[in-house]
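*Asks:* Residue numbers (this note's numbering), protein chains in the order written: chain A, 100 to 627; chain B, 226 to 561.
None of these hints come from the bench; they were simulated from the model. Cβ coordinates follow ideal geometry from the N, Cα and C atoms, glycine included. Any given hint might turn out to be false.
Short, incomplete list of chain B residues facing chain A, as computed with Cβ under 10 angstroms [said to hold, decoys possible]:
{"no.": "1", "residue": "253"}
{"no.": "2", "residue": "255"}
{"no.": "3", "residue": "391"}
{"no.": "4", "residue": "395"}
{"no.": "5", "residue": "513"}
{"no.": "6", "residue": "517"}
{"no.": "7", "residue": "526"}
Given next are the chains, with one letter for each unit.
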Amino acid sequence: MKRKLALILTFLMIVTTFTACGGNNQGENSSKPNTADMDVLYYAYNSIPILTWDPSIEFSNGIIVLNNIYEQLLRFNASTKEYEKVLATDYSKSEDGLIWTFKLREGVKFHDGTPFNAECVKYSVERTKEIGQGAAFIWDPVEEIKIIDDYTVEFVLSQPAPMDVIASCPYASFMMSPSLKDKPNSWFEEGNANGTGPYKLQESKMGDEVILTKNEDYWKGWDGEHFEKVIVKKVSETSSRRQMIESGEADITMELPSEDVEALKGDENVVVEVVPSFTNLIGFFNNQKAPLNDIRVRQALSYAFPYEDVVNYAMGGYATQAYGPVPKGMWGYSEDLFQYSYDLNKAKQLLEEAGIKEGQLKLLLTYMTGDESEKKMAELYKGELSKIGVELEIRAMPWESQWEMAMGTDTSSQQDIFVMYWWNDLSTPYSYLYSLFHTEDSTLYNLGYYRNTDYDALIDKAQSESAINIENAEKDFISAQEILIKDTPAIFMYDKNVVWVKSPLLKGHKDNPSYPFVVFFYDLYREK
Amino acid sequence: MKKYIIKRVLLGLLVLVGVVTITFFITRILPSNPAAQWVGPRATREQIDAATIELGLDKPLLVQFKTYIFDLLHGNLGVSLRTKQQVTSELKTYIPPTIELVLVSTILAVIVGIPLGIYSAKKKDKLLDHFCRFFSVGAVSLPTFWVALFLQLIFYRGLKVLPLGGQLDAKLVLLYNVPDVTGLLVLDTLITGNMTLFVDALKHMILPAITISLYPIGLVARMTRSAMLEILGEDYIKAARSYGLKENLILWKYALKNSLGTTATVLALSIGYTLVNTFLVEAIFNWPGIGNYISTAVMSMDYPAIIGVTLFSACSYIILNLLADIIIAIDPRVRV
């Protein structure tokens, strides 16, 4: 009996110690540094915040961190459609769009103290081109970089190209310090960074968590309210991200399921902001495979797609039906283009005209494993198609496998409909129209195997034109989409919206769809 | 005895060779493109072709397998396709947090499970026994992810006393230098005497450790109970009772000692299960362990990482099995 009593007493002691520790925390810490007073911004991100620290290579999530450590010459403001001057103060181009001259900002220093000048621009672009990984292709048109003086640099191009679009690209356009040359190859792998941006890299844990601290010497200065430190952390569970934002532990997060977003809308401790993104969902028909090589079949399948239901149920309303491959908000987007609507009678009629009887057509649709909205979309589509006697097999595959199957050369073993999201690299319609529909010798991203030489010629012309006259270029890009929509090589499903979930005290945040999921931490502050 | 152990070790090595071979070929036969994975999103054809040669993927699969085995024998697990870091160094980062979690939950399983089993054996078919049975069956059969979410809901959102996930408070990390001596965070913070970090690390440990320990607790309790019941019916216990020895002495000393063999075997095997179980729990609690690592690796078909983790799991299973065998062999009642 005594022994039992002793056991119980020990247990009670342990419990009280625990609770005491928990309770004491606030009181005890008042003399010590306290986390509550710290000026820290917490961004709960749904995936790994960075894959590689090399700004020449990173072509993924990492831009959410790199855009705060490094800077470009220009930054594109998607809402005013203007280029903000960052490390360049001015730029001009020759009439033929082949020579672009950039004036550089003076008095800018890298985090290690190296001054920023024309040498750095030349070094950065050449380094990225030489490594040739990630989005290095954006610099392809650049033939030579001439240093005119310390703060003037001239890009000589091999073909007309919009250098302002390229210099403001969210990937691979970062300015680096030539002091990198003295660093060993493993410097980036060890988690180091040296940019001109407002934040320095303080610490990173194998990419799971990144801590940034303010760069005292930032050229814009630190007047006004800003955050001292920033934490970007991978929180892959959606329920965790939701709870963290509800409790106020995290200040800003994204990519919550639409059910959670709906629930949070009524919560006054949370601000929900829905903005259009430059990401869209496209279902590519296999244009080379019978019977999909018959335009009437492709039209029929486009009419059978339940656009409204997909937007409302698969995306919870956080999307809009697309007009073409160029997303809403991007220049070159037009609502004058023909838009398919859900019409089963028309679909049935077109299939009959093409000589396809009910129950005869069996199609395979592939999409990426784990994407809930694509899955729901596919199920809705399958239901509609079964009403007109078309059997749709839905297959979820890891991206690598889905892609590998599409790249196969044997048409009969390929999919019939390839579903994928596409997003911008360069903020130009060309980024969509070229990669997805320009004729390819061996398949890469033209996953519908679409071939039309008139279309190819038109977008290539428009691309050159965009270096000279953007209005003319836009017209051509829209005509190109007219050709495309007439040929119906794909179902243009929807343009996705981005949902930001934030603390109501967090001010200064403005989404810029050109830089997907990038939060420019310098602009943010917490209302006191 | 020595012969027996050597035989078991050799058998274990054979199993390892099998595991490596099967995992290698399965991950490579699945339709996927490691070169494209290596280059990253939006790769161009030239980049993919260059990577194919760089990674030696243009060579026949058997040649690649030979190279892989050769590197493996030199302790080189290759480079992750996704992060481009050495898999060995990544494993070194991600294994300790998982081990920490498994250790703590195993300790919990012992200090809760064994007394629970003893008491329910003592009070067979009484209320306490029924309660223990109900608890153990529940602990074994409740889905871990459900328990994890449920605990988060109560202790983080409801009572606001325990953190949601992670190993340390992200903001606290900004104030203190996080020590790294053994890689086991709770231990490290204790050794270096940073009480604030220690308490915080401990708090972060509670929910995931409880979640993971539920299964072994249930298992250990049930095993102890049945072993105890069997032993309590033995003649020597009757003899001890007839000598008038105290019931507690009989229970905790004479009976328990003899039942521990079975319990220890079960426990050793259940650690293996716990290790795999953590994979799911880590994802929910955002625990920076091996489970979090493998789930991203599998999603992106990162085969060097997948084989690395599989090897680690296989090794742990083999070692634990060996341990269980040795425990049995030590018992003088078992002749080997």
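*Asks:* With reference to the structure, classify each hint as holding or not holding.
*Replies:* Evaluated hints:
1. Using the Cβ-Cβ criterion of 10 angstroms, the hint placing residue 253(B) at the interface with chain A is not satisfied: the shortest such distance is roughly 12 angstroms.
2. Taking 10 angstroms as the C-beta contact cut-off toward chain A, the hint placing residue 255(B) at the interface holds, the least distance being around 7 angstroms.
3. Below 10 angstroms, beta-carbon pairs count as interface contacts, and residue 391(B) has one with chain A at about 8 angstroms; its hint therefore holds.
4. Against a cut-off of 10 angstroms between C-beta atoms, the interface hint on residue 395(B) holds, since the closest Cβ of chain A lies about 5 angstroms away.
5. For residue 513(B), the interface hint holds, the least distance from its beta-carbon to any beta-carbon of chain A being 6 angstroms, beneath 10 angstroms.
6. For residue 517(B), the shortest C-beta to C-beta distance to chain A is roughly 8 angstroms, which falls under 10 angstroms, so the interface hint holds.
7. Checking residue 526(B) against chain A by beta carbon gives a least distance of about 5 angstroms; that is within 10 angstroms, so the hint holds.
Violated hints amount to a single one, hint 1; each of the other numbered hints is respected by the structure.
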